[in-house]
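Enquirer: If you're matching them up, the sequences are chains A and B in order.
Counting in the working numbering, the first sequence runs from 4 upward without gaps.
Counting in the working numbering, the second sequence runs from 4 upward without gaps.
Simulated from the structure, these hints should not be mistaken for laboratory data.
One or more hints might be untrue.
[Unchecked claim] Covered stretches of chain B, as calculated for chain A (at least 3 residues, CB under 8 Å):
{"id": "1", "region": "281-288"}
{"id": "2", "region": "386-397"}
[What the hints assert, rightly or not] Using C-beta positions, here's what the derived DEER-type ranges look like:
{"id": "3", "chain 1": "A", "residue 1": "Arg497", "chain 2": "B", "residue 2": "Asn137", "range": "21 to 31 Å"}
{"id": "4", "chain 1": "A", "residue 1": "Arg30", "chain 2": "B", "residue 2": "Gln366", "range": "52 to 62 Å"}
{"id": "5", "chain 1": "A", "residue 1": "Asp63", "chain 2": "B", "residue 2": "Ser38", "range": "54 to 64 Å"}
{"id": "6", "chain 1": "B", "residue 1": "Gln77", "chain 2": "A", "residue 2": "Asp63", "range": "40 to 50 Å"}
Quick reminder that beta carbons are idealized off the backbone N, C-alpha and C, glycines included.
This is what each chain is made of:
There are 2 protein chains.
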Amino acid sequence: VSSIKISIAQLNYHTGNFDLNTEKIIRDILEAKASGIDLIVFSELCVSGYPPRDFLEFSDFIERCQAAVHRIAQQCVGIMAIVGGPELNPVPEGKDLYNAAFVLGDGVVKQIVRKTLLPNYDIFDEYRYFEPNNCFQLIECKGTKIALTICEDLWNINSNPMYVLNPMDELIKLQPALMINIAASPFSQTQIETRKQVMKDNVIKYHLPLLYVNMTGAQTHLIFDGGSMALNAQATCIDELNHFGEDHGYYTFDAKTKSLEVLHKHQPYIQLSNMEQVRQALVLGIREYFLKQGFSKAIIGFSGGIDSAVVLALAAQALGVDNVKALLMPSQYSSDHSISDSLDMVNHLGIKHEILPIQNAYQAIESTLSDSFSGTTFGLAEENIQSRLRGLLLMAHSNKFGYILLNTSNKSELAVGYGTLYGDMCGGLSVIGDLYKTQVYEMANHLNQSGSYIPQNIITKEPSAELRPEQKDSDSLPPYELLDEILYAYIEERKSPRQIIETGKDEKIVSRVLWMVNSSEWKRLQAPPVLRVSNKSFGPGRRMPIVAKYLS
Amino acid sequence: VSSIKISIAQLNYHTGNFDLNTEKIIRDILEAKASGIDLIVFSELCVSGYPPRDFLEFSDFIERCQAAVHRIAQQCVGIMAIVGGPELNPVPEGKDLYNAAFVLGDGVVKQIVRKTLLPNYDIFDEYRYFEPNNCFQLIECKGTKIALTICEDLWNINSNPMYVLNPMDELIKLQPALMINIAASPFSQTQIETRKQVMKDNVIKYHLPLLYVNMTGAQTHLIFDGGSMALNAQATCIDELNHFGEDHGYYTFDAKTKSLEVLHKHQPYIQLSNMEQVRQALVLGIREYFLKQGFSKAIIGFSGGIDSAVVLALAAQALGVDNVKALLMPSQYSSDHSISDSLDMVNHLGIKHEILPIQNAYQAIESTLSDSFSGTTFGLAEENIQSRLRGLLLMAHSNKFGYILLNTSNKSELAVGYGTLYGDMCGGLSVIGDLYKTQVYEMANHLNQSGSYIPQNIITKEPSAELRPEQKDSDSLPPYELLDEILYAYIEERKSPRQIIETGKDEKIVSRVLWMVNSSEWKRLQAPPVLRVSNKSFGPGRRMPIVAKYLS
Chain A
4 VSSIKISIAQ
14 LNYHTGNFDL
24 NTEKIIRDIL
34 EAKASGIDLI
44 VFSELCVSGY
54 PPRDFLEFSD
64 FIERCQAAVH
74 RIAQQCVGIM
84 AIVGGPELNP
94 VPEGKDLYNA
104 AFVLGDGVVK
114 QIVRKTLLPN
124 YDIFDEYRYF
134 EPNNCFQLIE
144 CKGTKIALTI
154 CEDLWNINSN
164 PMYVLNPMDE
174 LIKLQPALMI
184 NIAASPFSQT
194 QIETRKQVMK
204 DNVIKYHLPL
214 LYVNMTGAQT
224 HLIFDGGSMA
234 LNAQATCIDE
244 LNHFGEDHGY
254 YTFDAKTKSL
264 EVLHKHQPYI
274 QLSNMEQVRQ
284 ALVLGIREYF
294 LKQGFSKAII
304 GFSGGIDSAV
314 VLALAAQALG
324 VDNVKALLMP
334 SQYSSDHSIS
344 DSLDMVNHLG
354 IKHEILPIQN
364 AYQAIESTLS
374 DSFSGTTFGL
384 AEENIQSRLR
394 GLLLMAHSNK
404 FGYILLNTSN
414 KSELAVGYGT
424 LYGDMCGGLS
434 VIGDLYKTQV
444 YEMANHLNQS
454 GSYIPQNIIT
464 KEPSAELRPE
474 QKDSDSLPPY
484 ELLDEILYAY
494 IEERKSPRQI
504 IETGKDEKIV
514 SRVLWMVNSS
524 EWKRLQAPPV
534 LRVSNKSFGP
544 GRRMPIVAKY
554 LS
Chain B
4 VSSIKISIAQ
14 LNYHTGNFDL
24 NTEKIIRDIL
34 EAKASGIDLI
44 VFSELCVSGY
54 PPRDFLEFSD
64 FIERCQAAVH
74 RIAQQCVGIM
84 AIVGGPELNP
94 VPEGKDLYNA
104 AFVLGDGVVK
114 QIVRKTLLPN
124 YDIFDEYRYF
134 EPNNCFQLIE
144 CKGTKIALTI
154 CEDLWNINSN
164 PMYVLNPMDE
174 LIKLQPALMI
184 NIAASPFSQT
194 QIETRKQVMK
204 DNVIKYHLPL
214 LYVNMTGAQT
224 HLIFDGGSMA
234 LNAQATCIDE
244 LNHFGEDHGY
254 YTFDAKTKSL
264 EVLHKHQPYI
274 QLSNMEQVRQ
284 ALVLGIREYF
294 LKQGFSKAII
304 GFSGGIDSAV
314 VLALAAQALG
324 VDNVKALLMP
334 SQYSSDHSIS
344 DSLDMVNHLG
354 IKHEILPIQN
364 AYQAIESTLS
374 DSFSGTTFGL
384 AEENIQSRLR
394 GLLLMAHSNK
404 FGYILLNTSN
414 KSELAVGYGT
424 LYGDMCGGLS
434 VIGDLYKTQV
444 YEMANHLNQS
454 GSYIPQNIIT
464 KEPSAELRPE
474 QKDSDSLPPY
484 ELLDEILYAY
494 IEERKSPRQI
504 IETGKDEKIV
514 SRVLWMVNSS
524 EWKRLQAPPV
534 LRVSNKSFGP
544 GRRMPIVAKY
554 LS
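Please construct the entire structure, taking both the sequences and the accompanying hints into account.
Expert: Now the structure itself:
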């Protein structure tokens with residue numbers, strides 16, 4: 004028999020939750036076995052969850068990973084399975100661990116394949132923990148020779164390769180019939196297309212069909228969309244699993260003809276719009292942050308502005324309207340529409356709310372500071388007091404009733420430091436901190452087209468922090484269209500001031516914007532974790548010095 | 004002539020400040036040349052400052068590094084110099100940069116030596132940016148053959164080596180007469196002794212004298228103590244430069260006899276006590292954070308407790324008493340001694356202070372929340388309101404007058420989350436966040452023995468947050484001696500709960516403490532940068548998941 008049946012399992016793992024992860028994996032193995040599957044494949048580091056981060060430095064964590072692999076192996080009788088996990092390096096030289104794929108069969112670990120290319124850029128830190136592999140071997144299932152690689156191992160195929168080695172260049176010499184790649188590849192707005200292209204490029208280069216197995220779910224700031232896929236030897240994507248949820252794929256593969264076929268075909272994947280991808284990602288990111296920490300209820304400071312409105316709508320979709328509460332905290336500088344627009348939205352969606360005017364508490368604080376501040380005029384300090392008082396009231400609700408405070412800062416204001424640390428920058432999770440302001444507007448319109456409700460006046464009115472009379476964002480910032488273009492060029496594209504000016508931007512504005520970005524690194528260091536949907540989000544993927552002289 | 008004169012320059016660099024760094028380096032080169040020096044050696048990545056972090060991903064930053072190297076090279080006529088900087092990788096394969104040492108002479112770059120071992124653990128991220136070297140060559144100065152390595156290249160000599168390669172094992176085959184290592188090695192409480200031992204181990208292994216050139220100064224959380232040194236072929240440390248300041252060393256080396264001798268010997272290095280090392284490190288860390296950002300004044304919330312007292316004393320030493328201000332913010336739950344002890348200290352040291360009672364503002368906030376909180380009883384929410392109100396008042400002073408708020412959290416409370424986020428966890432810099440509470444007491448006593456003044460009652464009274472009547476830290480926490488032992492075992496030694504219990508600790512207490520540590524990861528993520536003085540401080544050196552199931 005040259006034909007084997009393979010299934011791929013795209014699951015959602017909880018980092019460090021060995022019982023949960025192991026039981027999910029074993030459940031799928033037993034189901035696959037019952038369906039006559041020969042080989043079932045799980046994703047990278049699935050026994051521990053990804054990314055395990057510095058858990059990997061704890062020996063008891065590694066012991067639990069090993070125990071999980073052996074517990075799973077015992078179930079692999081009459082079926083083979085591939086699971087990802089850390090492996091102890093058997094020799095003293097080099098790092099103590101490998102990022103490994105365990106090939107399980109006959110109730111034991113039959114073979115171990117190690118990751119060669121260790122991503123260590125942006126949000127990735129794999130060389131912190133793992134020794135790179137430099138020894139290449141195929142695996143075998145019922146006589147079918149398979150080139151098994153781990154995530155990054157297939158990504159070194161552009162014109163400026165990051166690594167000096169291509170693992171598949173070595174493996175292809177051993178004449179495999181099929182490629183399998185197990186991955187933990189997080190979502191970004193371009194990742195779904197990029198990932199598919201990279202997999203196609205590998206098939207085109209090596210003339211072999213490919214099964215690609217990703218994970219789903221979210222781990223704090225990282226969202227894993229899944230999108231596992233099967234490509235035949237002609238580089239056609241013959242099957243694509245769901246995005247943003249668990250799913251399975253079932254295939255037959257004939258080693259003689261190198262023919263990969265789908266056993267139970269999925270509905271053809273309909274490319275989601277960019278904003279719909281991001282919406283699903285953020286909803287999953289919120290939901291997972293709460294679920295995996297055992298929380299259910301969110302609180303949001305609702306100013307009647309576009310940012311808090313979008314966060315409120317997304318939170319309601321993620322957690323259910325009954326689990327979301329809005330606090331309206333007007334001051335003497337708040338416009339009438341800040342309340343009326345807010346009430347329009349919460350009443351329409353059925354979201355619980357309270358109105359807590361802050362004037363009295365603000366005046367008590369002013370009078371506490373009256374001696375200290377005597378002779379000074381109203382300014383940034385007084386503006387920030389209002390913002391911090393609101394943060395204090397939100398956190399008081401959080402502490403009293405067990406709400407998690409969702410932060411409503413957007414990427415543009417996080418970038419230029421247009422926000423108050425310990426004020427509107429409070430929160431357990433930043434929902435839209437990776438969306439530029441212009442994208443927040445796009446999201447608002449998209450939400451209105453897909454069943455949510457954000458009042459038109461919230462979308463059309465001029466943005467304002469309402470911390471002093473007649474304040475407008477445009478008093479302090481360039482128009483958002485221009486600002487966001489400059490920010491994108493600097494943050495995502497890492498262009499120099501000169502390069503940005505050469506695209507036709509005003510030199511003074513560029514200098515001021517970049518100065519604002521650089522001089523707020525200290526603030527961003529204390530910002531909540533940001534759900535990552537771009538290729539360069541604030542947080543662990545962007546590590547700038549605090550005390551430094553910046554070039555702008 | 005087989006004898007050459009070498010000087011080493013231990014300087015303080017400002018990351019990204021190319022003019023400053025370049026001018027310092029050129030000044031020293033010209034001075035050395037005037038003194039008849041043949042070779043002057045500067046530290047790792049000195050042209051950019053260390054660590055440059057993601058600056059290295061900006062092409063204009065790399066261009067400025069290259070320009071600086073060439074500007075310095077032009078001055079190297081009649082003298083050779085070694086400077087550290089990033090080098091563009093000439094081939095497309097591999098990362099785009101090397102961490103390099105540029106050997107300058109005759110007005111040009113004569114040779115480039117690349118770093119082989121790239122530290123990527125704890126606070127280090129070098130593999131994020133750099134390709135490891137795998138090609139070995141000596142450098143030459145007036146016929147003297149020298150094995151030049153960069154920092155980590157000499158550190159792979161223990162029994163569980165982190166790397167599969169030892170650069171000196173390759174270089175020794177080329178028969179050098181002398182070893183030179185350029186470094187950027189940050190301070191920790193054990194680092195001075197460890198570093199000296201590692202350098203001795205290299206001399207013993209390779210039978211060659213060694214010049215070791217470190218940097219000094221601080222970069223946000225990282226403090227570089229310097230301690231550059233010269234070891235003769237018998238592994239005797241014949242000269243050791245200052246710690247915590249700029250310094251120079253001058254030597255003659257005879258390649259025939261392999262004899263390294265000191266030209267201008269330093270005062271013999273007197274081993275500082277552990278607490279004195281830490282005191283000097285923290286004072287340098289505070290001073291540098293302010294200087295390099297162009298600030299001069301600090302504000303501190305002074306509760307009359309030991310933590311804020313120690314921070315106040317250190318800040319006064321770092322910035323001068325005139326640049327430090329204390330805010331005393333008593334509530335109805337504050338003890339009398341919280342004010343009297345505070346006044347004793349600030350009056351004795353001549354530190355400016357203000358007293359801002361928070362009762363009125365607290366009551367205004369309570370009444371703002373009275374409907375929301377009706378039917379609930381005084382608890383954590385109300386305690387945190389007081390702490391956050393104090394944070395708000397401190398930040399108001401910071402915003403109004405340009406003070407930087409210094410955070411006063413200690414490592415024990417940061418570890419167990421015994422602090423209020425956006426309250427006492429506020430601040431631009433955490434001064435004692437890497438000192439366990441028991442070490443804060445040691446520091447207080449040490450400060451009193453070295454010219455500062457912390458009232459005895461502050462040291463002897465029972466610790467309390469004073470956020471509710473009769474509150475004591477011991478209501479919520481085990482005794483600090485026990486707590487700190489458990490924390491050290493978990494954080495520094497990464498022991499498992501079982502291993503900690505086996506050292507004789509109560510199982511329930513261990514479980515509760517580790518649960519507290521793990522469940523406050525989300526809080527610590529938003530803490531200010533912590534001046535690092537241990538081998539495992541909170542911040543970028545410890546990267547734990549937020550949303551995860553912890554083993555304890």
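Enquirer: Confirm or reject the claim that A/Arg497 and B/Asn137 have a C-beta distance inside 21 to 31 Å.
Expert: holds, 28 Å
Enquirer: Does the Cβ pair A/Asp63, B/Ser38 satisfy 54 to 64 Å?
Expert: holds, 57 Å
Enquirer: Closer than 8 Å, Cβ to Cβ, for at least three residues: run that test on the region 281-288 of chain B against chain A and report holds or violated.
Expert: Since 0 is below three, the answer is violated.
Enquirer: The region 386-397 of chain B covered by chain A? Criterion: 3 or more residues, Cβ-Cβ distance below 8 Å.
Expert: holds (count 7)
Enquirer: Indicate whether the distance between the beta carbons of A/Arg30 and B/Gln366 respects the range 52 to 62 Å.
Expert: This hint holds: roughly 57 Å between Cβ atoms.
Enquirer: 40 to 50 Å was suggested as the range; check whether the CB atoms of B/Gln77 and A/Asp63 agree with it.
Expert: violated, 57 Å
This entry does not satisfy hints 1, 6, going by the numbered hints stated previously.
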